[in-house]
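There are 2 protein chains.
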Amino acid sequence: MSAPIRYYYDLMSQPSRALFIIFRLSNMPFEDCVVALRNGEHLTEDFKKEINRFQRVPCIHDNGYKLAESVAILRYLSAKGKIPEHLYPKYFVDQSRVDEFLEWQHMSLRLTCAMYFRTVWLEPLLTGRTPSEAKIETFRMQMERNLDVVEEVWLEGKDFLTGSSLTVADIFAACEIEQTRMADYDVRIKYPKIRAWLKRVRQSCNPYYDVAHEFVYKISGTGPQAKL
Amino acid sequence: MSAPIRYYYDLMSQPSRALFIIFRLSNMPFEDCVVALRNGEHLTEDFKKEINRFQRVPCIHDNGYKLAESVAILRYLSAKGKIPEHLYPKYFVDQSRVDEFLEWQHMSLRLTCAMYFRTVWLEPLLTGRTPSEAKIETFRMQMERNLDVVEEVWLEGKDFLTGSSLTVADIFAACEIEQTRMADYDVRIKYPKIRAWLKRVRQSCNPYYDVAHEFVYKISGTGPQAKL
Chain A
1 MSAPIRYYYD LMSQPSRALF IIFRLSNMPF EDCVVALRNG EHLTEDFKKE INRFQRVPCI
61 HDNGYKLAES VAILRYLSAK GKIPEHLYPK YFVDQSRVDE FLEWQHMSLR LTCAMYFRTV
121 WLEPLLTGRT PSEAKIETFR MQMERNLDVV EEVWLEGKDF LTGSSLTVAD IFAACEIEQT
181 RMADYDVRIK YPKIRAWLKR VRQSCNPYYD VAHEFVYKIS GTGPQAKL
Chain G
1 MSAPIRYYYD LMSQPSRALF IIFRLSNMPF EDCVVALRNG EHLTEDFKKE INRFQRVPCI
61 HDNGYKLAES VAILRYLSAK GKIPEHLYPK YFVDQSRVDE FLEWQHMSLR LTCAMYFRTV
121 WLEPLLTGRT PSEAKIETFR MQMERNLDVV EEVWLEGKDF LTGSSLTVAD IFAACEIEQT
181 RMADYDVRIK YPKIRAWLKR VRQSCNPYYD VAHEFVYKIS GTGPQAKL
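If you read the sequences in order, they're chains A and G. The first sequence begins at 1 in UniProt numbering and counts up by one. The second sequence begins at 1 in UniProt numbering and counts up by one.
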């Protein structure tokens, strides 16, 4: 038997949470390698040399093979038979629909939710400066343009983003959207389909969804029940 | 025999050029469906309904199956046996290294090169306003942080981004970097490894590389020879 993969992650990172939930749902054993981003543990020369040349999380080591980028990691482990087919389809047509979401999200949902979170929550924390209302408004609008697409296009006539059941696409998306809670944004107010879908995603992924989001719930001062 | 896929693209779009070059190198026949972004042809309700619900290019129709997102399209066509293995490996470990680049580029190289191009070339053209030096400088620095990673990490000790020969990763990357020529940025000045690598990529992809970049060369006022 080969050693379990080493999984380097921080649950404060959205794609780290997504993979954490996916690995748990897949019953895939892994060696827990928590990296505290808040302490800059990823910024050392040692980390760059030994763990991940891009100095980010998530990443894995599989018997010495180092791989970064959450979607690449997911595909690699799927090819190794570690991810069940219902979460990431093997049939190439079904897989392409999930891939379409995974590729779409980077520069749309992920970028704009992350920028909103950073502007409203992270930067004020790091710099002590409050962003202007106009700046918050700009980032909110950019984010909502993409939430509109999730509500109106991805969730049109479907219970989940790519069909009638949960896939990794839903897990990646939910983890991005949950991040905005910490910036006190409640996506559920304007988006009824997203509200209902998030509830389904959480139910399909629990108990791991709540474990992964424990810190998010704590920071946002709302338990999962308060909003879902 | 089934009909060739319909390929919707505009050579002004970086991922459109990448797929165009990949399809030509793969000897894959396709029906040429040019979409003039400059005329807003992608913004009509018809386009949204009939061609691509996300109103972007590139996208394909394969006997009625509609798929968007360049990387998802590439994988779908690879699974159908349309893309040769040397361009996109079939062995999952080799594939994961190419995937790592394809996933990395979105929010790093692609985002920052595109933002620089947009700020320095596209927005002044559309609005008639010149960006401030400080703004250009900010976007240039963000872009160069990622060009540094290409120079120092991806190209470290290798002729191509993921190994000793050309893959789709190189083609996607080169198309992003070439876009900045139009904003009068010459990547070759500061980055000797990128300079030499771009030359190799162009040589490996010609005559299709030059065909795809004809408009880029024209706008930037430099033939391919002038800089490469």
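Do not rely on the hints blindly, as some may be mistaken.
Intra- or inter-copy, both count: the list cannot distinguish identical chains.
[To be verified] Below are the DMTMM-like pairs computed for lysine to aspartate or glutamate, each with C-alpha atoms no more than 20 Å apart in a straight line:
hint, residue 1, residue 2
1, K82, D184
2, K80, E50
3, K135, E41
4, K82, D94
5, K199, E45
6, K135, D186
7, K49, E156
8, K80, D94
9, K90, D148
10, K82, E31
Since the hints were made in silico from the structure, they are not lab data. Here the structure is a predicted model, which means the values were calculated and not measured.
Structure-based check of all given hints:
no. : hint        : in the structure
1   : K82 / D184  : neither (36 Å within a copy, 47 Å between copies)
2   : K80 / E50   : neither (24 Å within a copy, 37 Å between copies)
3   : K135 / E41  : neither (30 Å within a copy, 31 Å between copies)
4   : K82 / D94   : both (18 Å within a copy, 18 Å between copies)
5   : K199 / E45  : neither (41 Å within a copy, 32 Å between copies)
6   : K135 / D186 : within (18 Å within a copy, 32 Å between copies)
7   : K49 / E156  : between (45 Å within a copy, 13 Å between copies)
8   : K80 / D94   : both (18 Å within a copy, 13 Å between copies)
9   : K90 / D148  : neither (29 Å within a copy, 36 Å between copies)
10  : K82 / E31   : within (15 Å within a copy, 38 Å between copies)
Of the numbered hints stated above, those contradicted by the structure are hints 1, 2, 3, 5 and 9, listed in ascending order.
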